[in-house]
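Using our numbering, the first residue of the sequence shown is number 750, and each one after it goes up by one.
One should not assume that every hint holds.
Derived lysine-lysine pairs resembling DSS-like cross-links, with alpha carbons at most 25 Å apart [to be verified]: (1) Lys-793 to Lys-764; (2) Lys-815 to Lys-764; (3) Lys-815 to Lys-793.
What follows is a list of derived Cβ distance ranges for each label pair [what the hints assert, rightly or not]: (4) Ala-872 to Ser-912: 39 to 49 Å; (5) Ala-1079 to Ala-1207: 52 to 62 Å; (6) Arg-1191 to Pro-1123: 22 to 32 Å; (7) Glu-895 to Val-790: 24 to 34 Å.
I should point out that these hints are in silico values taken from the structure, not numbers from a laboratory.
Ideal Cβ placement from N, Cα and C applies to all residues, glycine included.
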Amino acid sequence: MHTDTERCLRAVRSKDARFDGWFFTAVLTTGIYCRPSCPVVPPKPENMRFHPSAAACQQAGFRACKRCRPDTSPGSPEWNQRADLVARAMRLIADGVVDREGVPGLADRLGYSARQVERQLRAELGAGPLALARSQRAQTARLLIETTTLPMAEVAFAAGFASIRTFNDTVREVFALSPSALRARAPRSAATPGVISLRLPFRAPLTPDNLFGHLAATAVPGVEEWHAGAYRRTLRLPYGHGLAALSPAPDHIACRLTLTDQRDLTVAISRCRRLLDLDADPVAVDGQLRADPVLAPLVDKAPGRRVPRTVDEAEFAVRAVLGQQVSTAAARTHAARLVTAYGEPVEDTEGGLSHLFPDPEALAALDPEALALPRSRRRTLTTLVAALASGGLRLGAESDWDEARARLGELPGFGPWTVEVIAMRALGDPDAFLPGDLGIRRAARELGLPSTPAALTARAAAWRPWRAYAVQYLWATDDHPINELPA
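Work the whole structure out from these sequences, hints included.
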């Protein structure tokens, strides 16, 4: 969007928050960069330059605005609605891959050379993977500086910086303040030791009912729970584990993170945002779905529905198999048995979380005969777990959606419903569709839509590329706990 100067100018003049994260405004006369909704008086058009990323602004020598804090904008929805090389690279960078594995590791996961990845990111975003990761480290450092009492040396290494000097130089360059000055400006609040509290921004509108209702209704005991007005769950992270508590507010999602290693902060935030689909563009989604006279009343009633996703793709794939042709309660029971037998114990002083969901390597040791499942389902589960544990099947931020669908479809017991629900909730494909789902077929009949899978798929062509969001609106017509925000 940053190349459409007139559109960018209109967004800046109207201070339209819907475009935050789509592009950034660099001001030549002040040397700062802002989000489109910055509250200050807009500069003259000839003094504005538009960039596709905060990293591109920083590389061009601009510092972050202290008023609008552009580094805290929602992420661009482009990286969630696309599956090309740049989008997959951005999802991996958000997951901290460059900090942990370097650019060669990023390229290896994507199946391209480091030079190709560098070239494509620079062409579209104006910055290479190292600059994009550096911008992310700066944002993580700011969060740690402002929300914790950690010594600055610990903040530096937790944010991913290789040295304290690089940390100091980067913070000064990006925010035009020293780390200690940043901390002095932050509002004082009673901080709980070991807990990081922050706000996760999103693009309005957002209807939380089905989002949190789905997560709470399908929560696996010990791994997830709804407690004290928040959805809480355990997180398996690169350097340790964590606990996340997420609760909806009118203009943000309140997030409390408890981490065993502060270096996991960036990854934990990224996964929480992905879980709640917070980088979506509801205006674009609802605008297209509202064009269908059948869906329009559903959209108008509760605009901004999101797709509840996952923090762990492999975990969700296992749970999708356990949920085949059984009730929500039965699926939770099956998953809870696996957690008790193979999950890693964790401590939780605030609620009832007790385990991490077992990873594929742990599940590879399970005895199929001990599973209270039909024989065919046992074979499906053990084959899936073996493929995930061996690396033959990779589900993650780097996954090509069509390739992942093809690989899943080759496994025994994986029909269209299982493949598509994994594509929708684990891989994040916004166009995944479940025409054979019982709830979708029931909603289609009540609304006068075709109820057979083939006919409904043909009718849903007009909803593309947002059919996964149409699924949320259709599901919401049913009287089911997944559609209700828990008390």
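A quick look at each hint next to the structure:
Our distance criterion of 25 Å between C-alpha atoms is met by Lys-793 and Lys-764, whose separation comes to about 14 Å. Of the supplied pair hints, the one linking Lys-815 and Lys-764 holds, its CA atoms being roughly 16 Å apart against a limit of 25 Å. This hinted pair checks out: Lys-815 and Lys-793 have alpha carbons roughly 20 Å apart, not beyond 25 Å. The hinted range of 39 to 49 Å is not satisfied by Ala-872 and Ser-912, whose Cβ atoms lie roughly 31 Å apart.
Remark: the range hint 52 to 62 Å for Ala-1079 to Ala-1207 is contradicted by a beta-carbon distance near 33 Å. One distance hint, 22 to 32 Å for the beta-carbon pair Arg-1191 and Pro-1123, holds here, with the actual separation near 25 Å. For the pair Glu-895 and Val-790, the supplied restraint of 24 to 34 Å holds, since their beta-carbon distance comes to about 26 Å.
In summary, the numbered hints that this structure violates are 4, 5.
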